[in-house]
Each structure stands twice: as structure tokens, then as C-alpha cells.
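Counting from 3, one number per residue, gives the positions in the sequence shown under the working numbering.
Don't take each hint at face value.
As the list claims (entries may be wrong) - With a cut-off of at most 27 Å between alpha-carbon atoms, the simulated BS3-like pairs for lysine-lysine come out as follows:
#1 K80 / K119
#2 K119 / K68
#3 K112 / K72
As the list claims (entries may be wrong) - Between beta-carbon pairs, the in silico distance windows are:
#4 K147 / I120: 35 to 43 Å
#5 K81 / N149: 30 to 38 Å
#6 K72 / S12: 52 to 60 Å
#7 T37 / K81: 39 to 47 Å
#8 K89 / I33: 39 to 47 Å
Everything labelled a hint here was simulated from the structure, so no lab data went into it.
Cβ coordinates follow ideal geometry from the N, Cα and C atoms, glycine included.
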Amino acid sequence: MMKFLIVLNSNLKRITKSKKIVIANFLLPAIVILTLGFVFNRITGTDNEYAIINSDKGVYGEEFIKEIQKNSKVKIYKKDEGIERVKKKRMSLCYEIPEEFSDLISKGEKPQIISHKIEEGAESGNFQFSANSLINKMILRSELKNNGKDISLEALNYEKNNINVIGKDKKVMGDIITLNMIISFVLFSSIGISMELFELKRQNILKRSFTTSNKPRTIIGGVLAALFLISSLGYSGIFLLNLF
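Can you make the complete structure from the sequences, with help from the hints?
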């Protein structure tokens, strides 16, 4: 065991001085993963910014917007301005809370959020899911209130208390980031190992090592373990950077 640790330590010192190994195990994967992380953050950031027109004549429209703002960025537009921006393609989608929004909820009927969009298929699935869930809770609260039971929307938050509903963007893109890191780890680690073994052969270090008292498995194991530790530390650092 002591011989293995000595071989491991000597390989760690030698590898950290090699520019080729540092590039293969740190620089290239850092560029790939951090670039993808930047794109991921841009996509998830823009996907959660919603343009809304509040045409509601009651109080529920304003409450609806405040609830949506708890989890997403919202920009309010006047009706003419919002529709005009969509027509001029300054934005692809704008949601409108209808005039009878509060009235329908008070009657126990479900209002429909109007979508002004450039083309078909431009809907945001996350917004529609959140809006439908919120409207359903507002209707339920109104019905309970009519029956003498005053309850808050927070108390009706069954998604929080009972089930975990995951939207498409962060979960799927998060999986992509994780998969990319795994693939990159395997790919660049293989490149690093190959480069290191070729370098050892070129310098005749590997052959000379076999003439020592150390067993071949100790020598090869020390090289591979050193490369694995270097790669693991590198990817851990890249992962932590990607969180920010």
C-alpha cells in the first residue's frame, strides 16, 4: 500500500506540471461545460419572462399577476401597446387577462387567458400550467368563501404540499447539463489517459518503471489513480463554477 501511495504521489506531481494534461482535463471541458451552462441560463431566464395585459375590471386580475410574479418575471403592458409589439414582432407572445376575469371566477366559471402571438405553437407550457392551476385555486377559494369558509390561496397550494410538478425547462436542461458533464468526463479523461501513457512511453519512463521493485499493477494503478483524481477535482471545480 505504501509503494502505491508513493507512486501515486510522484505521478500527481508530474501530471500537474504537464501542460497537455492540464489542457485535456481542465481547459477543454471547462470551455464546453461553461458554454453550455451559459446557454442554459439564458434559455431558462428568457423562458420565465412573461408579457401580460391586464384588462380585468375586477380585483382578481391584479391578484393573478402578483401570484405569477412569485415564480416568474412579469412585464405589464397596456392592451394596445402589447398587441402592437406582437404585430411588429418585438416580442413573440403576450398574454391578456380578459375583462370578465373576476366576474367569471366569482360565478365559479373558468376564464380563459387570451394569447396574442406571432405564430401557432408559440405558447409557453409552463405559463399555461401555472395559470390554469392558479385559476382553479381562485375558483375553489371563491366557492368556499360563498359557503362561509374563508381560505387563502396558499392553503390550497396542493402542488407544494402533496405533489411535485416539474416544468420542462430547468429539469430537462438540467439533465442535459448533467449528461454533458458525464460524457465530457469520460471523453476528456480518456484523452488525458491516452496522452499520459503515450508520453510515458515516449520518454521511456514506463519501461524503466517496470525494472524497479514495484509491480506493474502498482505502477499502472498509480498512473490511472492520479489521472482520475486530477480529473475529478477539475470537474468538481467546473461544476461549482457552473452553479454560479
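Cβ-Cβ distance between K81 and N149: within 30 to 38 Å?
Cβ of K81 to Cβ of N149: about 35 Å, so the range 30 to 38 Å holds.
Distance restraint hint 35 to 43 Å, applied to the beta-carbon atoms of K147 and I120
holds, 39 Å
Just to be sure I understand the hint, the distance between the Cβ atoms of T37 and K81 should be within 39 to 47 Å; is that true here?
holds, 40 Å
Between the beta carbons of K72 and S12, is the distance compatible with 52 to 60 Å?
About 56 Å separates the Cβ atoms of K72 and S12, which means 52 to 60 Å holds.
Run the distance test for K119 versus K68: straight-line Cα separation, threshold 27 Å.
holds, 23 Å
With a cut-off of 27 Å on the C-alpha distance, tell me whether K80 and K119 pass.
holds, 16 Å
Hinted pair, alpha-carbon criterion (27 Å max): K112, K72. Please report holds or violated.
It holds: about 22 Å lies between the C-alpha atoms, which stays within 27 Å.
May I ask you to test the hint 39 to 47 Å on the CB atoms belonging to K89 and I33?
holds, 41 Å
Taken one by one, the earlier hints all hold for this structure without exception.
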